Amino acid sequence: MKALVHITLKPGVLDPQGKAIANALTNLGFQGVNEVRQGKYIELDLPDSDRASAAASAKDMCERLLANTVIEDYRVEIVDQT
Amino acid sequence: MKALVHITLKPGVLDPQGKAIANALTNLGFQGVNEVRQGKYIELDLPDSDRASAAASAKDMCERLLANTVIEDYRVEIVDQT
Amino acid sequence: MQNLSNVTVELAAEHGLTGGEFARAVEILGRTPNFTELGIFSVMWSEHCSYKSSKKWLRTLPTEAPWVICGPGENAGVIDIGDGLAAIFKMESHNHPSYIEPYQGAATGVGGILRDVFTMGARPIANLNALRFGSPDHAKTRHLVSGVVAGIGGYGNCIGVPTVGGECTFHTSYDGNILVNAMTVGIAPKDNIFYAAAAGIGNPVIYVGSKTGRDGIHGATMASAEFDDQSDEKRPTVQVGDPFTEKLLLEACLELMATDAIVAIQDMGAAGLTSSSFEMASRGGMGIDLDLDQVPMRETGMTAYELMLSESQERMLIVLRAGREDDARAIFEKWELDFAVIGRLTDSGRMVLKMAGDIVADLPVAPLAESAPEYDRPHRASPKLDAIRGADVILRKSTRDALLALMGSPDLCSKRWIWEQYDHMVMADTVVRPGADAAVVRIHGSNRALAMTTDCTPRYVFADPVEGGKQAVAECWRNLSATGAKPLAITDCLNFGSPEREEVMGQFVGAIAGIGEASRALDFPIVSGNVSFYNETNGVAIQPTPSIGGVGLIARVDRIARVGINAEGLAIILLGQTVGELGASLYLREINHSEAGAPPPVDLAQERQIGEFVRSRIESGDVRVCHDVSDGGLGVAVAEMVLAGGVGVTMSVPNGVDHGWWFGEDQARYILAVDQKSAAQIISDSEKVGIKATRIGTSGGSTLDLGADGAITLSDLRAVAEGWLPGYMNA
Amino acid sequence: MKAAVIVFPGSNCDRDLMVALEQSAGAAPTMVWHRETTLPDVDLIAVPGGFSYGDYLRSGAMAARSPIMKAVVEDARRGVAVLGVCNGFQILTESGLLPGVLMRNRDLRYVCRDVFLRVEQNDTPFSNKYAQGQVVKIPIAHHDGNFFIDSDGHRQLEDEGRIAFRYCDSAGLVDNRSNPNGSLANIAGVLDPSRRILGMMPHPERLSDPNLGGNDGRALFDSILNALS
Ligand SMILES: Nc1ncnc2c1ncn2[C@@H]1O[C@H](COP(=O)(O)OP(=O)(O)O)[C@@H](O)[C@H]1O
Ligand SMILES: [Mg+2]
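Residue numbers (our numbering), protein chains in the order written: chain C, 1 to 82; chain P, 1 to 82; chain A, 1 to 731; chain D, 1 to 229.
One chain only, chain C, in its complex shape (with noise of 0.2 Å):
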């Protein structure tokens, strides 16, 4: 089973990158562009047979390791393996 991972800061977190980002594509004439977040974006290989059993131990790692959840959310979505 494949995880695919979305960590996002939560809002009202400030985020530099999304802010820097945003003012480089004004800087390269996009105009307009309201608001830049950034994430990241992970993909798990997990050795679990089943979709429940993958999306929870998605869910503790993100838990202990993937996701600083004091500032960032996750979500979790579980695909087979292609």
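Please note: incorrect hints may appear among the correct ones.
As the list claims (entries may be wrong) - Taking lysine-lysine and the BS3-like style, the derived pairs with C-alpha atoms no more than 25 Å apart in a straight line are: (1) P:59 / C:40; (2) P:10 / A:140; (3) C:10 / C:59; (4) D:70 / A:334; (5) P:2 / C:10; (6) P:59 / C:19; (7) P:40 / C:2; (8) C:10 / P:40; (9) C:40 / P:10; (10) A:140 / A:415; (11) D:2 / D:70; (12) D:70 / C:59; (13) C:59 / C:2; (14) P:10 / C:2; (15) P:40 / C:19; (16) P:10 / A:211; (17) A:140 / C:19; (18) C:2 / A:211; (19) P:2 / P:59; (20) C:59 / P:40; (21) C:59 / P:59; (22) A:140 / P:59; (23) P:2 / C:19; (24) P:10 / C:10; (25) D:137 / A:415; (26) A:190 / A:486.
Stated by the list, open to error - If you want the footprint, here are the derived chain A segments under chain D, 3+ residues with CB under 8 Å: (27) 156-163; (28) 244-254; (29) 421-428.
In case anyone wonders, no lab produced these hints; they're calculated from the structure. The structure presented is a predicted model; accordingly, all values stated were derived computationally and were not measured. Built from N, CA and C at the ideal position, the CB exists for glycine as well.
Could you slot chains P, A and D with the ligands onto chain C? The hints should help.
Here is chains P, A and D with the ligands on its own, set in the frame of chain C:
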């Protein structure tokens, strides 16, 4: 319109971050994690009012700034403002 | 044996081998090489690995001195620095990869040169980098500067080696071919240096570090081919650097080196497993059997060809004493690195590669190395140009305005924006940080230090390759002397266009002649180096750029000179002759938009005499403030001293001088700032030995007072000098 | 005073910190490898700068979950003093010993240079040899030093006097121009409620020797010696 952009390393390109995360997960006791790949996830809040033009400008942004197309692939998805 | 049939002259040509080279390969083997063997021939005989166009000339360079422990030919040069220690250093180019992918190209350049140094047993103590970018107006320049600097910092900062110096200049000739030259200096116990010559039949060959992927296959041939308009699209796989793994590899190798398990060790750089295994075997006159199935692989389905040519980073090849495998394995496992026994040394004199039970390549080692092609390419000397002096130029700006324009020009402005992105203090031994003539790094736990710098003035080399070659060495020597260091040895990184063009080859031959002459005259031997040809696009070559990296020794860190004028009432003294040479000067280029004229001639005897005099006065403690005069001449040198120390100067300008006096780039000159008492003594001492010494000003206040030409406040000067690069990068 | 310095595989200021501690305390600290699970009996645990595990994912994240950090957290809860410098600060926030996070620098670039700090609290084991409000020069070298905490957390830090150092100019002025990385309220170092745990981005160990361009970091190590022996 909102553009959701996924930036991932091209297949075959070394992912030092993914490798280190996989190691750390193993050390934390998660068994059998085969591979981890880390990418970026960027949310852009764009001024465009139709999907086609939002997609086009997001693609342009990827080519010109967001992705390093020598080693990275990108994927753009357009969603209505939430 | 596989693929016997499909290797043709055409396929060989695609691999960069000429018809003659291919014929020689067939002759050596007594048959047509298979595809894997062709790949091996192509990288081993590439310009990058074989030095086929440069060998003849490199042999003419002086490489010996009583303090040289190991000259060119090994991974890096080794010199004796006393107290049982050796300094190990080298500079290398990573030009083409950095143009294609600036961050990773520059990062892996740093990674590669670090491995060259620690593979010999040294702990790296400093990095430097010499950078050449295209015109600031060129569309790509900003992106390249930003990526290269971030990449150098990203790698060096993470591994924890301070990046303490370098150069960064701009010229339109680099628009399509930037130069990224990285240098590493390390320190090792003198009696525990590691070499790459394999020995001991039956000894195991070990692979350690990262796994092998399909990275940068054909990097070595890429580094040996010119660009054309399509190269942007071709975008060959570039390597990605992993500085964290390199840090582990460094610590693990040093740990293993503290035992006596290693017979030979060689990093896998350009042409990866091929060149490392071949070089080890050929240096030791050994044969080698490799079982490619044992190579740690990152991807599935890799072929022998790919495994042999991959340029995956952070890997090493080691020959161990038989029976020490387990000790070594334990160390690499502790550091969480791959470790595999992939072969044995043999007495066959052949390199035999096996995969899945088949022999996939079988090549004779010595013939392949010995009959590597060597060319005496036709070369044409550059035409001699006339000198240009003050009287020959139209005055376009006042002294004051010209000085401000120069201080704010891309080449002369402060490079703080760059070095602040480099951790230049980690290891807590950086005594003189970037921004001076040479960086000074203390030898850990002692009161001694090494001074180091990189130098080259490409516009001089372009105008007159011989004088330019001399000047690069002389300036390097001078920058070390200005800190009080005794210059010991140099590494060079020779960046040129295509050697297949007579005028480029002429530049190369001329520059080598000049470098050799200066290095002999200054007792400053060349102990390591690198050649990078084919730096050209659509037939337009870069300005010839032989970067010179120098290392000197400081006996007492409390007896060094610094650039900054930091006290009031000091006498400012100029040592050396001023004729006012403006040919090929920055003044001419920036103010009069002309790149004409002969560069300033280099008088090596004077260079040596004045440099030694200066050093003796720094060593005696009489001189604590000193700066050499180079780009931009006297005016710029004084302005830099004022900015570095924060105290102004009132110049005493001799009567009747013109812009040649202010901005001429005459060589062999230093500026000292000393107290009044020592001033008289120094002037009379220098005159006694025939060194011209002129008092040109007095320190004090917060302006640089140019006499009749007006004054500049320190804050204006600082705003101009510090403003250009950040302004450019943030635009 | 007995000290331990934690060594992660990518630590690169471990030696620098050891030298500075030894210089003040007269005795070399014990170096403790990240795979250990217990610490020797010490008065101070120092977590050095560097790139503990390459600083991949988030600075300090993987180090905070390494075996030795369990022991560090336990000993800290028992009252052993803990100093985290640079990456060490990032590790202490990731492990929950200190509040807040260290995000990417405001302008996204790594920055290495001397900065000025104002000593905001001198009644701690780490700063008793400085004067309250003293301005000191100490270098920074980091990519992720942009301190952030939510407004309640910030208020709490201010109210409880737990901001140890703030970035300022040479005259002690704390403003946006003297902020090198975008840190909230120019915060350069914070204390835990017991004031026995300090995390700071600047590197006092790098300016503890006049040959290196300054000695203002020395007093921090002397303070520790003074408080803990
Ligand atoms: N790419 C760079 N990396 C680090 N330091 C640099 C770089 N470019 C320039 N510098 C530093 O800026 C200072 C001035 O450089 P330069 O003008 O080349 O000196 P000089 O004329 O004495 O050779 C030196 O201290 C040099 O080390
Ligand atoms: Mg100089």
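* **Pair hint residue 190 of chain A and residue 486 of chain A, alpha-carbon separation not exceeding 25 Å** => Distance ~19 Å between residue 190 of chain A and residue 486 of chain A Cα, so the pair holds.
* Asked: Would the pair residue 10 of chain C and residue 40 of chain P pass a check requiring their Cα atoms to be no farther apart than 25 Å?
  -> holds, 16 Å
* Quick one, are residue 59 of chain C and residue 2 of chain C close enough, alpha carbons at most 25 Å? -> With a Cα-Cα distance of about 13 Å, the restraint between residue 59 of chain C and residue 2 of chain C holds, given a limit of 25 Å.
* Asked: Is residue 70 of chain D within 25 Å of residue 59 of chain C, Cα to Cα?
  -> holds, 22 Å
* Asked: Is it true that the CA of residue 40 of chain P sits at most 25 Å from the CA of residue 2 of chain C?
  -> The given pair, whose Cα atoms are some 17 Å apart, holds under the 25 Å limit.
* Asked: Within a Cα-Cα threshold of 25 Å, do residue 10 of chain P and residue 211 of chain A meet the stated pairing?
  -> Holds, because 17 Å separates the two Cα atoms, which is no more than 25 Å.
* Pair hint residue 10 of chain P and residue 10 of chain C, alpha-carbon separation not exceeding 25 Å -> violated, 29 Å
* Asked: Is the hinted pair residue 2 of chain P and residue 10 of chain C satisfied, with a Cα-Cα distance of at most 25 Å?
  -> Status holds; Cα separation ~17 Å.
* Satisfaction of hint between residue 19 of chain C and residue 40 of chain P, Cα-Cα up to 25 Å -> holds, 15 Å
* **Agreement of residue 10 of chain C and residue 59 of chain C with the hint, judged by alpha carbon distance not exceeding 25 Å** => Given that 25 Å is the threshold and the Cα spacing comes to 17 Å, the pair holds.
* Starting from residue 70 of chain D, check that the Cα of residue 334 of chain A is at most 25 Å away, please. => holds, 20 Å
* Asked: Is it true that the CA of residue 2 of chain P sits at most 25 Å from the CA of residue 59 of chain P?
  -> holds, 13 Å
Comparing the model with each numbered hint stated earlier shows that hints 21 and 24 do not hold.
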